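Enquirer: This is what each chain is made of:
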Amino acid sequence: MNLTPLLEPDWFKAILPETMLVVGGLLLILLEAFFREKLRQLFAPIAAIILAMTSWVVVNMYPWVSDAPRVFFGGTYQVSVATIIFDLTFLLATLLAIMFSRDYLEREGMSSGEYYALMLWGTFGMMLMAKGLELLIVVLGLETLSICIFVLVGYNRRVPISNEASLKYFLMGAFATGFVLYGIALFYGATGSTNIPQLLVYFSTNQSAGPLLTIAFVLMMGGLGFKLALAPFHGWAPDVYQGAPTPVAGWLSTAPKAATLVVLLRIFAATSPAAEQTKWMAVAAVLSVLSMVLGNFVAIAQRDLKRMLAYSGIAHVGYMMLAVRTVREDAVAAIALYAVTYALMNIGAFGVISLLRKNQNDPHTLDDIAGMGFRHPFAGLALTVFMLSLAGIPPTAGFISKFYVFKVAIDAGDIGLAVVGICTSIVSVFYYLRVVYYLYMKEADELTPEPVRGAFATGALAIAIVGVFLVGIFPTPVFELFPLAANAIFLGH
Amino acid sequence: MIELLSHHLLSVILWLPLVGALAIALIPKRFEHEAKVAGLFVSLATFVLSLGILQRFDDAEAGFQLVEHASWLPAWGVSYALGIDGISLWLTLLTTFLTPLVLLSAWNSVHKHVNSYVVAMLALEFGMIGSFLATDLLLFYVFFELMLVPMYLIIGVWGGPRRIYAAIKFFLFTIAGSLLMLVAILYLVFVQYGASGPPTFNIVELYGMAIPMKTQTLLFFAFTLAFAIKVPLFPFHTWLPDAHVEAPTGGSIILAGVLLKLGTYGFLRFVLPFFPEATYKYAWLLATLAVIGIIYGALVAWVQPDMKKLVAYSSVSHLGFCVLGIFAVTQTAIEGSILQMVSHGLSTGALFLLVGVIYDRRHTRMLADFGGLAKSMPVYATIFVIVALSSAGLPGLNGFVGEFLILTGSFKSLPWYTVAAASGVILAAIYLLWLVQRVFFGPLDKEENKNLPDMRWNELAAVVPLLVFIVWIGVYPNTFLKKMEPSVRKLIATVETHHAASGRIAQAPVASAPAANPADGVSR
Numbered sequence: 001m002n003l004t005p006l007l008e009p010d011w012f013k014a015i016l017p018e019t020m021l022v023v024g025g026l027l028l029i030l031l032e033a034f035f036r037e038k039l040r041q042l043f044a045p046i047a048a049i050i051l052a053m054t055s056w057v058v059v060n061m062y063p064w065v066s067d068a069p070r071v072f073f074g075g076t077y078q079v080s081v082a083t084i085i086f087d088l089t090f091l092l093a094t095l096l097a098i099m100f101s102r103d104y105l106e107r108e109g110m111s112s113g114e115y116y117a118l119m120l121w122g123t124f125g126m127m128l129m130a131k132g133l134e135l136l137i138v139v140l141g142l143e144t145l146s147i148c149i150f151v152l153v154g155y156n157r158r159v160p161i162s163n164e165a166s167l168k169y170f171l172m173g174a175f176a177t178g179f180v181l182y183g184i185a186l187f188y189g190a191t192g193s194t195n196i197p198q199l200l201v202y203f204s205t206n207q208s209a210g211p212l213l214t215i216a217f218v219l220m221m222g223g224l225g226f227k228l229a230l231a232p233f234h235g236w237a238p239d240v241y242q243g244a245p246t247p248v249a250g251w252l253s254t255a256p257k258a259a260t261l262v263v264l265l266r267i268f269a270a271t272s273p274a275a276e277q278t279k280w281m282a283v284a285a286v287l288s289v290l291s292m293v294l295g296n297f298v299a300i301a302q303r304d305l306k307r308m309l310a311y312s313g314i315a316h317v318g319y320m321m322l323a324v325r326t327v328r329e330d331a332v333a334a335i336a337l338y339a340v341t342y343a344l345m346n347i348g349a350f351g352v353i354s355l356l357r358k359n360q361n362d363p364h365t366l367d368d369i370a371g372m373g374f375r376h377p378f379a380g381l382a383l384t385v386f387m388l389s390l391a392g393i394p395p396t397a398g399f400i401s402k403f404y405v406f407k408v409a410i411d412a413g414d415i416g417l418a419v420v421g422i423c424t425s426i427v428s429v430f431y432y433l434r435v436v437y438y439l440y441m442k443e444a445d446e447l448t449p450e451p452v453r454g455a456f457a458t459g460a461l462a463i464a465i466v467g468v469f470l471v472g473i474f475p476t477p478v479f480e481l482f483p484l485a486a487n488a489i490f491l492g493h
Numbered sequence: 001m002i003e004l005l006s007h008h009l010l011s012v013i014l015w016l017p018l019v020g021a022l023a024i025a026l027i028p029k030r031f032e033h034e035a036k037v038a039g040l041f042v043s044l045a046t047f048v049l050s051l052g053i054l055q056r057f058d059d060a061e062a063g064f065q066l067v068e069h070a071s072w073l074p075a076w077g078v079s080y081a082l083g084i085d086g087i088s089l090w091l092t093l094l095t096t097f098l099t100p101l102v103l104l105s106a107w108n109s110v111h112k113h114v115n116s117y118v119v120a121m122l123a124l125e126f127g128m129i130g131s132f133l134a135t136d137l138l139l140f141y142v143f144f145e146l147m148l149v150p151m152y153l154i155i156g157v158w159g160g161p162r163r164i165y166a167a168i169k170f171f172l173f174t175i176a177g178s179l180l181m182l183v184a185i186l187y188l189v190f191v192q193y194g195a196s197g198p199p200t201f202n203i204v205e206l207y208g209m210a211i212p213m214k215t216q217t218l219l220f221f222a223f224t225l226a227f228a229i230k231v232p233l234f235p236f237h238t239w240l241p242d243a244h245v246e247a248p249t250g251g252s253i254i255l256a257g258v259l260l261k262l263g264t265y266g267f268l269r270f271v272l273p274f275f276p277e278a279t280y281k282y283a284w285l286l287a288t289l290a291v292i293g294i295i296y297g298a299l300v301a302w303v304q305p306d307m308k309k310l311v312a313y314s315s316v317s318h319l320g321f322c323v324l325g326i327f328a329v330t331q332t333a334i335e336g337s338i339l340q341m342v343s344h345g346l347s348t349g350a351l352f353l354l355v356g357v358i359y360d361r362r363h364t365r366m367l368a369d370f371g372g373l374a375k376s377m378p379v380y381a382t383i384f385v386i387v388a389l390s391s392a393g394l395p396g397l398n399g400f401v402g403e404f405l406i407l408t409g410s411f412k413s414l415p416w417y418t419v420a421a422a423s424g425v426i427l428a429a430i431y432l433l434w435l436v437q438r439v440f441f442g443p444l445d446k447e448e449n450k451n452l453p454d455m456r457w458n459e460l461a462a463v464v465p466l467l468v469f470i471v472w473i474g475v476y477p478n479t480f481l482k483k484m485e486p487s488v489r490k491l492i493a494t495v496e497t498h499h500a501a502s503g504r505i506a507q508a509p510v511a512s513a514p515a516a517n518p519a520d521g522v523s524r
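Heads up: the protein sequence lines correspond to chains C and P, in order. Under our numbering, read the first sequence as residues 1 to 493, first letter to last. Under our numbering, read the second sequence as residues 1 to 524, first letter to last.
For the record, the hints were derived by calculation from the structure and aren't laboratory data. Predicted model only: the values in this text are computed from it and were never measured. Even glycine gets a Cβ: it sits at the ideal position worked out from N, Cα and C. Hints may contain errors.
[What the hints assert, rightly or not] Partner residues are not named here, just some residues of chain P that face chain C (Cβ under 10 Å, in silico):
1) K29
2) V67
3) H69
4) W72
5) H113
6) S116
7) L138
8) Y141
9) Y152
10) I164
11) I168
12) L180
13) L182
14) R489
[What the hints assert, rightly or not] With a straight-line cut-off of 27 Å between C-alpha atoms, the simulated DSSO-like cross-links for lysine-lysine are:
15) P:K281 - C:K442
16) P:K29 - C:K442
17) C:K442 - P:K309
Let the hints inform the model, and build the full structure from the sequences given.
Expert: As C-alpha cells, then:
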C-alpha cells in the first residue's frame, strides 16, 4: 500500500492556473445570467483578462520547477518547464481565438458569456492533458475539452451547417474517446498500471510487447489520431472546420492538437525502451507519411478556405509526427516550437477569414478574398504572412519550426521521411501561394464581400504577425528552455 | 554614425533597403511620386555606401573581409555572419548598382500600385544583397528563399497577360530545388558534427571537411540541382522564358541581372569547395549540360519572334558559359566566369531595359512589327546596337572579355567542350545581329513606327551608367579582375588540396574529367 499522503504540500499552487480558468468560466456564466445586456460588450475583455492573469501565474511557476519537475496527487500530475511552455501555448491560442471571436460574435448576434466560459474550460481540459502523468487524468482533460468543443462547434445553432458539424464531431469524437479508453484498459490489463512512469518501468524491464499491448497501442493511436486529425482519422476535420464558427475552427485546429501531441510524446517515451521490438514507431511513420501526402495533395483541390486549412492542418500534423516518432529529446523542443508557431499562424489565418462578412451557411471561397491585398492592406498582409509561414518560407516562424522538425528527423537518421516531408511541402507551396495570388493578383468583383474591421481582431492580427516574425527571427530564448522541457517529458531516462 | 559605418558597413548596406522598404510601405497610396523618389533615394544611398566596400577592400586578401559576426541560434551553431571576398564583391556591387536603375526605368512604365512596386523592389534588393554577403549556410538559405516572395509578387502583380502562370512556375521550380538543398544542408551539418566538434553552419569551417565519396555525391547533386534550376541550366530552364516574358521590365532586369547569378555564385561558393571530389568526378556532366545550354539557347533565341523571349533565351546561352568556366576549375576560367556574370548582368539588363522602352511606346515586342527604327529613334538605335554588340562579344566591349577568358581557361581542362562552346559565340553574333537588322534597319514601313519619341530622360539616366561599365570592362577589365584574383586562387587551392588528399591528384584536373571524350558524355 502506498503511504504517501494524498495531498502533497503546495498542491493548491500546482492547480492554481486551472482553478483560475474554471472559476473564471463560472464567473462569466454568472455575469451572463444576471447582467446580460449591460455587460454584453465586456465578456471578451473579461475572458482575456482571466487568461492574462492565468498566464502570469503560469510564468511565475518557472523558478519553482526549473530545477526539476514536481509531481502531485500521488504521481498523477506533473508541473514542469514542459507543461509551462505548453500551458502558455494553449493560453496564447485561446487569447487569440477570443479576440477574433469578440467581433465575430457581435456581428453574428451571438455574444454571450457562456461562449467564452466554454473556451476557458476547454483550455483547462488541455492543460490537464498536458500535465497528466496518469492516463485517466489525460482522459479527464480530453473529455472536458471535447465537450466544450462539441458545444462551440454547434454554437451557431440556427445555421444547419454548424449543427451538422457539431453532430459529426460529437459522434466521431465519442468513438475516439471510446478507443482511447479501451486502449488504456488494455494497457492496464497487460502492464498492471495506467501511470506513465510505471509504464516506462514496465517497458524498460520487459523490452517487448505482446499482441494485447499492440492492440492497445493501435487503439490509442486511433483515438488520439482522431483528435489530431491524423490521416486516416482525419475525415471529420474539413466538415467541422467549415461548419464551426470561424474563430472556433482556428482554435480547435491548433491548441487541442498541441495538447494531444504532448500526450503522444509521453506515451511514446514510456514505450520507447521496447521500440526495437515493437516496431510501433513504424506505424507512426506510416501515419505521418499518409498525412503529409494526403493533406497536401487534397488541399490543392479545395476552393473553400476553411477546408483548405483543414487539409493543410492534416499535413502539418504529419510534419510534427516526423519529430514525435523519433522520441529524441530535441523532439520535445521541436514540437513545442511548432505548436506555438502553428497556433499563431493558423488562428491568424482563420481570423482573417472570420472578417469576411458572409452568410455562415455559404462557403468561404478563394473568390471572397480576391483583391483584398490592395483594398485592405493590413488584412491582406496578415493573410500573406500566415500563408508564407504555413508554407515555411523564411524568415517566418513556419520556416524555423519546419526546419527544426526536419533537423530532428535527419539527426535521427530518417532521411527518407524527411525527403518525403520536403517533397510534400513543395506541393503545399502551390496552394498557399494561390491564396497570395487571389489576394494581390485577382481583381474583386461585385460579389466579393467587404471584410469588416474590428479593434479586437486587428489587435489579434498584430499579435500574430509580430509573433510569427519574432519566433522566426529570434527563437533563441525559447530554445534555452528546451533541454529542461525534454527532461520533464522523458522523465530523465 | 561613423562608428556604425566603419564597423558594420556590410550590415548597413544590407539593412538599408529593407528599412527603406518598410518606411515606404507606410506612405499613403496617393503619394506615388514621393514613393518613387524615396525609393530611388534609398537605393542610391545603398549604392553609394556600397562603394565604401571598394575603398576598404584589400585586394591582396583572399578570405572574407569586413566580416561581421553575431550569434543567432547558438544551439545549432548558426550565426549572423557577413563577409565579402573577391567572388561576391562585384556581384554585390552589381546588385546595388542595378536597383536604382531599375527604379528609374519604371518611372513612367509602372502605373498601378506604384508604392508597392517600389517596396517589392527594395525588399528584393535586401534578399539579393543578403545572399551574396552571408557567410553562414543557413543565413544564406534564408535570404535565398526570402527573395522569391517579392519576385513572385513583381511578376504576378505587374506582369503581362500570362503572369500568374509564370509567377507560380518560377516560385515552384526554385523552391523545389532549394528545399531539397535544405535537406542536404542539414545532412551536411549532421555529417560535420558527427565528425568534429559542435555543430556549425559557418561556411569557412565547413570548407575543410572530408566527406565520404558516396555521401558527397548525393549532397553534390542536391546542391547542384538547386543552383542548376536557378542558373538555369538545361534542362531546368523552362521557367526562365516564361518568367522573363511576363515580368515587367524592372523584374526582367533584376531577374537576368542578379537572380540568375545566385545560381552560378552558389556553385562557386558552395558546390566546388564543399564537394571537390564530386566536382571533379561530375564536371563532365555539368560541362555537357552547359554546352547543350549554350548551343540550344542560342538556336532557340535565333528563331524567336518576340524580342524579350530572344533575350531570355540568350541568357540561357550566356550563363552556360559561366557554368562551363566554373567546372573547368582553372584560375582563368573562373575569373572569366565571374566577370561574365557581371557582364551579362550589365548587357542583358540593358537589353531588357531597351526592350521595355520600345514596349512602352508600341505595346508590342514582335520583331515583325518593327523595321527601320534607326530613322525614327536614332539615339535609341545607337545605344541598342552598342549593347547588342557587347552581348554578342565584340572585342572592346564587356562580353568579349568574359567569354574569352572562359574559353581560354577551359581549354586546358575541358578541350572538346570548349570547342563546342565556342560555336555559341558565333551563334550569339548571328541572333543578335539578326535582331538589330530586323528592328532598326530596312525600310521604315509601319505607320505607327514613324513618330515614336526617342529616349526619355529617365530611360537615358538608367541606360547610360550601364554603357559606361560595358565599355570599362571591355577596355580595362583588370580593374575588376585584380580584386577577384586572390579569392579565386584560394578557391582553386581549396578544391585541389582536398582532391589531392584523396590521392587522385595524379589524374587531376585534366584527365579526371572522363570528359576528355565528349562522345562518352553525350551518349549518356
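Enquirer: Each hint needs a verdict: does it hold in this structure or not?
Expert: Going down the list of hints, with the structure as the test:
1. With a cut of 10 Å, the hint placing P:K29 at the interface with chain C holds, because the nearest CB-to-CB distance is about 9 Å.
2. Given hint, P:V67 at the interface with chain C, is violated; its Cβ is 21 Å from that chain's nearest Cβ, farther than 10 Å.
3. For P:H69, the shortest C-beta to C-beta distance to chain C is roughly 15 Å, which exceeds 10 Å, and the interface hint is violated.
4. Satisfaction of the interface hint for P:W72 is found here, the shortest Cβ-Cβ separation to chain C being roughly 7 Å, below the 10 Å cut-off.
5. This hint holds: P:H113 has a C-beta 6 Å from the nearest C-beta of chain C, less than the 10 Å allowed.
6. Evaluation of the P:S116 hint against chain C yields a held restraint, the C-beta minimum of about 7 Å falling below 10 Å.
7. A distance limit of 10 Å between C-beta atoms decides the matter here; for P:L138 the minimum to chain C is near 8 Å, and the interface restraint holds.
8. The beta carbon of P:Y141 comes within 7 Å of a beta carbon in chain C, closer than 10 Å, and the hint placing it at the interface holds.
9. With its C-beta approaching chain C no nearer than about 7 Å, P:Y152 sits inside the 10 Å limit, and its interface hint holds.
10. Against a cut-off of 10 Å between C-beta atoms, the interface hint on P:I164 holds, since the closest Cβ of chain C lies about 6 Å away.
11. The beta carbon of P:I168 is positioned within 10 Å of a beta carbon in chain C (closest approach about 6 Å), and the interface hint is therefore held.
12. Contact between P:L180 and chain C, as hinted, is supported at the beta carbon level, the nearest pair being about 6 Å apart and thus within 10 Å.
13. Taking 10 Å as the C-beta cut-off, the interface hint given for P:L182 holds, the closest approach to chain C being about 7 Å.
14. Annotation: P:R489 was flagged as interfacial toward chain C, and the flag is violated, the nearest CB pair being 33 Å apart, outside 10 Å.
15. A hinted pair counts as satisfied when its Cα atoms are at most 27 Å apart, and P:K281 with C:K442 does not qualify at roughly 48 Å.
16. Under the criterion of a C-alpha separation no larger than 27 Å, the hint pairing P:K29 with C:K442 is consistent with the structure, at around 19 Å.
17. For a cut-off of 27 Å, the pair hint linking C:K442 to P:K309 stands: about 25 Å separates their Cα positions.
Violation of the numbered hints given earlier is confined to hints 2, 3, 14 and 15; the remaining hints are satisfied by the structure.
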